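Trainee: Spelled out, the chains give:
There are 2 protein chains.
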Amino acid sequence: MRIAVVAPSSRFEDWQAVRDQVGALAAARHSGLEVHFHPQCGLVDGHFAGTDAQRTDALVEVANDPSFDAIWFARGGYGSNRIAEAALARFGPAARDKAWLGYSDAGFLLAGLYRAGYADVAHGPMPRDVSRKGGEAAVGRALDWLAERSPHALEPGLDRGKRHAAFNLTVLGMLLGTALEPDLADHVLIVEEVSEHLYAIDRAMFHLSASANLRRVAGLRLGRVSDVLSNDPEFGEDAETIVRHWCERAGIPFFGRADIGHDAANKVVPFGRV
Amino acid sequence: MRIAVVAPSSRFEDWQAVRDQVGALAAARHSGLEVHFHPQCGLVDGHFAGTDAQRTDALVEVANDPSFDAIWFARGGYGSNRIAEAALARFGPAARDKAWLGYSDAGFLLAGLYRAGYADVAHGPMPRDVSRKGGEAAVGRALDWLAERSPHALEPGLDRGKRHAAFNLTVLGMLLGTALEPDLADHVLIVEEVSEHLYAIDRAMFHLSASANLRRVAGLRLGRVSDVLSNDPEFGEDAETIVRHWCERAGIPFFGRADIGHDAANKVVPFGRV
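Protein chains in written order, with the numbering used here: chain A, 261 to 534; chain B, 261 to 534.
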């Protein structure tokens, strides 16, 4: 099995160290598993891993290469929204046969792929998570899912009878109304957040819960909300209280917490039915 | 003339000092001008100037009181989105005869009022701006507009033949798709921003420029983008380049810069025709 890694978002300066660590992990866990880091991972253009054109070209190249079985987004940060629509328009049939895995900023691409009917799209750990404390467990989990669909890699509360989708809260808010927004009717929607103020989470929930699309979800589960930015004055409510508040106002069932987040414990959530 | 000040957003702990300064300015500039600070300005509930119910009740009370000629939002921060729809639903005919002035987070209310057909809604300085360096000029400008519609208070580039609207960029993004979103077709839209990362501005422009409503504006002008949060790595483009990029991608004419922002030089932009 061959996995291609590309970096559609922020620049990825430690990519060679990550490549070596992830390669060693892959070799140790699954014989015959090859993880190919596209050299685009090493490009730099300001904030990004290469210009929009360079990131688009690399993504289109691996998507359309039938020798790859999966595309694994290298890291988050910011920027895949700038290229997602144009890249998707250039994907051929070989792209639909692949698995796609990532989270955080890569959610823009997961959304566009899922909207376009790609069957094997999932929210889960990325190569650069190997640099986190305990990150080898996260990357091992992603590799096990990519290589063998190992059940241990899955978010433990997934409901086999239901469709699911998972997103970073801010990313989901920013893709509403764009060409990337997927139909989430009857889905269990799982969201997580990192490095935001609580007032921004409240504001994002105001925005999301007003969406007719979001109001049709089966229910919402909240992953971890980590590294909350401090605010003066304190907001006065925690993230779960905020999310419950807006779900209740909008008539969206709140289905409790979920085991995803910007951390080494992040589990895999396949889009659609498990 | 009587102006009522209420605080629909963040708590306003220095409200009595601001009230005294603004009262003195009003008395010095316009005889017979009374600025009434509703005692709700002094309430505190966590982040907010009182609970949602308290802020809503105060706003509804002054909106429906025919003895006030104008409602002036005390300050920004965060929180008017939580009460705007419910408050507007309780406004009676007296509310439509009033002028409404504010900016920043108060943009949620300006949007909802303008959407509901209120004729005298404007984006401009608020009482708490008096605490800024040089802020007496900003508040004097707002008072001159409220009392006499003084032309010197207006943003100098307004086009008398066109309709206008002005918003904080993030606030506008978060109200898209909500019950507060006004029709901006054929408007000159002016946006400004404060205390955001450049990548967040890029992401907000991605979101805004995908909106069918925004794609129908006559054109966009960019106010000041101040106190940009530093980022590692640097984004690599400045705010104007970012805004021009997304306008070009979406076919939205870019009409240049505008004299509004989170500062003492902030000018008044009446919604609709000047």
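These aren't lab readings, by the way, just hints derived from the structure by calculation.
Certain hints may be false.
Note that identical chains are pooled: a pair holds if it fits in a single copy or bridges any two copies.
Below, in silico cross-link-like pairs of lysine to any residue (SDA-like), each with a Cα-Cα straight-line distance of 25 Å or less [as the list claims (entries may be wrong)]: (1) K393 x G479; (2) K393 x D492; (3) K393 x R350; (4) K393 x P493; (5) K393 x R533; (6) K422 x A379; (7) K422 x R476.
All figures in this text were calculated on a predicted structure; none of them were measured in a lab.
Trainee: Taking each numbered hint in turn, which are not upheld by the structure, reported in ascending numerical order?
Mentor: Structure breaks hints 1, 3, 5.
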